[in-house]
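There are 2 protein chains.
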Amino acid sequence: MAMQMDRTALTLAVDVMGGDKGPKEVIHGAQIAVNRGLQAKLLLVGRENIIEEALAEHPIGDHPVEIQHADGVVAMDDKPARALRRSKDSSMWGAVASVKEGRADGVISCGNTGALMAISRLQLRMIEGIDRPAASALWPSRSGKAVVLDVGANVEVTAEQLVQFAIMGEAYYRALTEKERPVVGLLNVGEEDLKGNTLIRNAAKILREADPEMAFCGFVEGNDISSGEVDVVVTDGFTGNIALKTAEGTARLVGAWVKEALTSNLMAKAGAALMMPSLKKLKTRMDPASVNGAPLLGLGGLVVKSHGGAEAEGICSALMTTEELAAHPFLDAIAKTVASVNDRAKSVDVEDIAAAAE
Amino acid sequence: MAMQMDRTALTLAVDVMGGDKGPKEVIHGAQIAVNRGLQAKLLLVGRENIIEEALAEHPIGDHPVEIQHADGVVAMDDKPARALRRSKDSSMWGAVASVKEGRADGVISCGNTGALMAISRLQLRMIEGIDRPAASALWPSRSGKAVVLDVGANVEVTAEQLVQFAIMGEAYYRALTEKERPVVGLLNVGEEDLKGNTLIRNAAKILREADPEMAFCGFVEGNDISSGEVDVVVTDGFTGNIALKTAEGTARLVGAWVKEALTSNLMAKAGAALMMPSLKKLKTRMDPASVNGAPLLGLGGLVVKSHGGAEAEGICSALMTTEELAAHPFLDAIAKTVASVNDRAKSVDVEDIAAAAE
Numbered sequence: 001m002a003m004q005m006d007r008t009a010l011t012l013a014v015d016v017m018g019g020d021k022g023p024k025e026v027i028h029g030a031q032i033a034v035n036r037g038l039q040a041k042l043l044l045v046g047r048e049n050i051i052e053e054a055l056a057e058h059p060i061g062d063h064p065v066e067i068q069h070a071d072g073v074v075a076m077d078d079k080p081a082r083a084l085r086r087s088k089d090s091s092m093w094g095a096v097a098s099v100k101e102g103r104a105d106g107v108i109s110c111g112n113t114g115a116l117m118a119i120s121r122l123q124l125r126m127i128e129g130i131d132r133p134a135a136s137a138l139w140p141s142r143s144g145k146a147v148v149l150d151v152g153a154n155v156e157v158t159a160e161q162l163v164q165f166a167i168m169g170e171a172y173y174r175a176l177t178e179k180e181r182p183v184v185g186l187l188n189v190g191e192e193d194l195k196g197n198t199l200i201r202n203a204a205k206i207l208r209e210a211d212p213e214m215a216f217c218g219f220v221e222g223n224d225i226s227s228g229e230v231d232v233v234v235t236d237g238f239t240g241n242i243a244l245k246t247a248e249g250t251a252r253l254v255g256a257w258v259k260e261a262l263t264s265n266l267m268a269k270a271g272a273a274l275m276m277p278s279l280k281k282l283k284t285r286m287d288p289a290s291v292n293g294a295p296l297l298g299l300g301g302l303v304v305k306s307h308g309g310a311e312a313e314g315i316c317s318a319l320m321t322t323e324e325l326a327a328h329p330f331l332d333a334i335a336k337t338v339a340s341v342n343d344r345a346k347s348v349d350v351e352d353i354a355a356a357a358e
Numbered sequence: 001m002a003m004q005m006d007r008t009a010l011t012l013a014v015d016v017m018g019g020d021k022g023p024k025e026v027i028h029g030a031q032i033a034v035n036r037g038l039q040a041k042l043l044l045v046g047r048e049n050i051i052e053e054a055l056a057e058h059p060i061g062d063h064p065v066e067i068q069h070a071d072g073v074v075a076m077d078d079k080p081a082r083a084l085r086r087s088k089d090s091s092m093w094g095a096v097a098s099v100k101e102g103r104a105d106g107v108i109s110c111g112n113t114g115a116l117m118a119i120s121r122l123q124l125r126m127i128e129g130i131d132r133p134a135a136s137a138l139w140p141s142r143s144g145k146a147v148v149l150d151v152g153a154n155v156e157v158t159a160e161q162l163v164q165f166a167i168m169g170e171a172y173y174r175a176l177t178e179k180e181r182p183v184v185g186l187l188n189v190g191e192e193d194l195k196g197n198t199l200i201r202n203a204a205k206i207l208r209e210a211d212p213e214m215a216f217c218g219f220v221e222g223n224d225i226s227s228g229e230v231d232v233v234v235t236d237g238f239t240g241n242i243a244l245k246t247a248e249g250t251a252r253l254v255g256a257w258v259k260e261a262l263t264s265n266l267m268a269k270a271g272a273a274l275m276m277p278s279l280k281k282l283k284t285r286m287d288p289a290s291v292n293g294a295p296l297l298g299l300g301g302l303v304v305k306s307h308g309g310a311e312a313e314g315i316c317s318a319l320m321t322t323e324e325l326a327a328h329p330f331l332d333a334i335a336k337t338v339a340s341v342n343d344r345a346k347s348v349d350v351e352d353i354a355a356a357a358e
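In order, the protein sequence lines correspond to chains L and E. 358 is the number that full-length UniProt numbering gives the last residue of the first sequence; the numbers go up by one with no jumps. 358 is the number that full-length UniProt numbering gives the last residue of the second sequence; the numbers go up by one with no jumps.
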């Protein structure tokens, strides 16, 4: 475990122009984060006059701030290739560049995910031995939080990529929680006898044989993600994205039911009034904003993606997570583990996927 | 829409021996269902002495009941092939046979899913034009219930199978709700630009061009399942199974949070006491037992799978669903639509999956 850094020595770059809600929402989020104890210096990247206007509306006192002007904006619906071609003057490019040039320890953006991935890969490169970045989510669970990855960056993966996700998720979880040996599981369906799991079976085999250090518990099911018994849940980006959004929808539905129960009649309303403090805590717990901020793991620098539609509270959470991660550098740990596992993985005898499908 | 049948003229076959909780739980579920107004005659299939003992403990009065003796039991962990070979004297085989022979209008089993699929396919055959059965789930939503399929029967599917699932889900939803044109969506990740969706894009294209009657709304995301805006959500069995279990886990986690909020201190407890009636309704809504009972669609007969671990309440729900479906026959509707869509689908120009992957 790396030594914890002095947080006032950190700098976080913020792509102020990205996101659906506009620059003012981003600056408002920064203001809340500073009020809640964020210590890192903020490097605000975007149109100078807009940032200054937003800061006038949401002042952050004498907290260290630097503005880096960038004229361009990557649109939320730009294709990654197009964003790459014409983005070199954009706030997103500039914010990522500050990490590349060592002027910032991490970057956060609410902008276009595809463009952020492409711009980050181009500037920061991948960690040696990692094929593609994975988007990871913090997921509330009975024991606190679980890390789930990939939640949308890679719709199709190989067994080797799932192994890389497992190693990255483990290092990420360790950086966040200081738990030395996080429990890692591969997301699968319950029944053992089904076809189509060759990929996952191969990934499990490689993990078991090539990474004996990992506390790998084998396959887990959808309901295990929130059970608290597994810390890192590994899956492809298609399944992970659908699981994440399904959970958000479920929480929202149940939240509506709870609200209905609390206001259905006078007696219930009187009861709810007595319970106000407990209900407030419940509301905070159920607020998706409290877990906003997903690092794109595998890059040679810290890049955190916020929900495009995040409001100030969500942006604050993402900034807090980014500071936490910048203070516990884990990229070296990923690089070291990946190198040794990739090496040993070569001798693992995996099933032939094409043959198994027949 | 088919005419509704007189429910007292229906017979439901019950595989009494399947399930984790044993025959008494199944009979107890039948007792609750009868008390709540189930009208169909019950054909109880299993060991006669065990059924009689269970009926003595959970009597169902003068409700029409017939016992069909079967000596064998399919074990919960039997492989389908093994279950098929040695299962012809089992309660599962006997229960499905009663549908084949026209002595029952539907069958319900809490037993081994793989064995139930295999035994049902062998005896009841598939509907012409349907490749494989799909397991469908009733999913609570803002507007009532959505149907999601496949939730675990087919881990890998083709675009044509997704189209078949859509047609089956539409007919199933119509039978349950009498809504003439249910809204059908294909489950996908949010971002359009991702690879790996050739399969789903092809399915969407076929549905649009070959089934103009369907109210097909295109792609939906995980959070749309419970939003109430889509009635039938179509996906492969891997994704569907993980989405279903993830939602169950999320509901359980949020339920634990709610319980904690209600009992965290004296004031909260006093408030909760005032709210008791509303909270009871909330608890029922959140109980997975209330949506137990998933038909295996595509078979030439009505086969409903209950959770293996279902308790009496869940078995009651599954029996109620089975009666509802038996009273609104929809197998002919599936057959008719599948035939015409399959015919038109041949002229739809779909993408080459292999080429798109390059």
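Simulated from the structure, these hints should not be mistaken for lab results. All figures in this text were calculated on a predicted structure; none of them were measured in a lab. Treat the hints loosely; a few may be bogus.
Copies of one chain are not kept apart here, so a pair can be met inside one copy or by any two copies together.
In silico BS3-like cross-links for lysine-lysine, where the CA-CA straight-line distance does not exceed 30 Å [what the hints assert, rightly or not]: (1) 21 x 280; (2) 145 x 41; (3) 259 x 41; (4) 259 x 179.
Checklist entry - Looking back at the numbered hints, which does the structure fail to meet, lowest number first? => result 3
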